[in-house]
Amino acid sequence: MFNPLTPAEVVGAIGRAARDAARSEEPASEFARGQLMSAYSASRHLGVELESFEPELRLFGQAVAACIRQRADAGGDGERMAALADRVEATSDARAVGDAVCELLDALRGDAGVAAGELRTEVRSLLRQLADREVDLLADVIEGPARA
Amino acid sequence: MTRTGTAAVTKADAVAGALRQAGELGEGDRITGLDQLLGGWSRHSFFADAELADGATRRYVVRAKPRGALLDTDLTAEYHIYRALQGTGIAAPRAFCLEESDDTPFGGPFFVMEFIEGRMVNMFQARERTWLEEEWSGSRRLAEDMVENLARIHALPAEGFADVPELGFLDVVYLWRGVYEDKRLIRDPVVEEAYDWLEDNVPQDTWTGLVHGDYSVRNALVADGRVRAILDWELAYRGDVRFDLGYLLLARLAGKHLRRRSPLVNAFAEEDWFLERYGELSGRRVDRESIRPFEMLGIIMLLATQFTAVSMYTHGHTTDMRMAWSRFSLPGLRQDMVRLMQW
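Protein chains in written order, with the working numbering: chain A, 1 to 148; chain B, 149 to 491.
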């Protein structure tokens, strides 16, 4: 989910590849065909992202916020942690969620307490679930359903 | 493959001149064709066809580092590695000459080496994985060649590779973390936790030797089921050779984009067999658990190339769509990282 280039930027890249192919007066080379195949592949991945990533990220943010609030004494600065909880659940923008979660983990790294350790474990578990979910959503479309 | 008029003639003259100076071509010999190969983000490769004065023909391979290459790796060191590999029993082409100037028709330094017949096996393609699995089920010669060459590389004395950088475990971590910090367009909590995990999991010992840095069947020339040459040494360094083992064990190297595609190491051999055989040949028993930090090092190296590629595209340094596409390789690698960290 924390992938560089926004969906809009990816759309721009796909469009540029199509434009360059359309404008070319050279016969289609292997390189040029490869560019269009990359653009096609990007469009397939992007379709999944546009269709399904935002609700997943929102659920993730809400779960992280709930964990932070349940461990109010973790991370040292209660106000800062409360603000992080508010930030992470208020958005489904990947960049904003990434920033907030990184700041949360930075704060927990400096706290040797039990509550911080437990919160870190919970956040990591949520990140793991998010990573698996992202792969499953993409793979079902790009590579077909998983074989039993 | 591409050919342009005046630019190709100039490049051909540069290659011919370098080969004549090395004594590989005579005055009456000419470079008559120069065709760029597909692929290669940090290096451009070309076939250079020569017509000799006696009517014979010969083919060479040119490796060039263009301006604005994806990774700022040392082409001179790469050339010297090929030179030093001669006579070691490691499958490698002969390297004839090096032009170190940045001001060449190739847009940067280049060297010329021997052409060896063979193909590079792409483990991301299903038919290639099927072929590799058939080779494994059959003669296993390819698997033997891959592990033998690797063990020989790791046994090379360090003295022959003085201009190859020496990097400790943490040096490698900081190198690739530096690329992330410089090139990232978005903060990734899994990636940042992985760098910290690596700092908490520094191996207690070091297996010092020459590390290939990108050892894979994809960087081997294969013909008739045998490895004819190990190529692409631009990421080589002197350090802990277990990096090459960890890298090979990555699901990515067995063709994983999103889901695991082959149960075999680099799609060519069963893991237990590979590690045991490596242990026999190297004289060092491999503890599987000890390789995990090196798997993670391999992932952060791959990530660094992806971050750099996307950054170059974003800032207009390239219009190559494959660089933008790199961002889609991150989900699979991120999943592998959380599993390695046992979250």
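In case anyone wonders, no lab produced these hints; they're calculated from the structure. Quick caveat: nothing in here was measured; it's all calculated off a predicted structure. Treat the hints with caution; some may be incorrect.
[Said to hold, decoys possible] Computed beta-carbon distance windows for the label pairs: (1) B:R267 x A:A22: 31 to 39 Å; (2) B:E199 x A:P145: 49 to 57 Å; (3) A:A90 x B:F272: 33 to 41 Å; (4) A:G34 x B:T158: 20 to 28 Å; (5) A:E118 x B:S438: 47 to 55 Å.
Where a beta carbon is used, it is the ideal one built from N, C-alpha and C, also for glycine.
Now for the hints, and whether the structure bears them out:
| no. | hint | result |
| --- | --- | --- |
| 1 | B:R267 x A:A22: 31 to 39 Å | holds (33 Å) |
| 2 | B:E199 x A:P145: 49 to 57 Å | holds (55 Å) |
| 3 | A:A90 x B:F272: 33 to 41 Å | holds (39 Å) |
| 4 | A:G34 x B:T158: 20 to 28 Å | holds (26 Å) |
| 5 | A:E118 x B:S438: 47 to 55 Å | violated (29 Å) |
The structure is inconsistent with hint 5 alone, although it conforms to all the rest.
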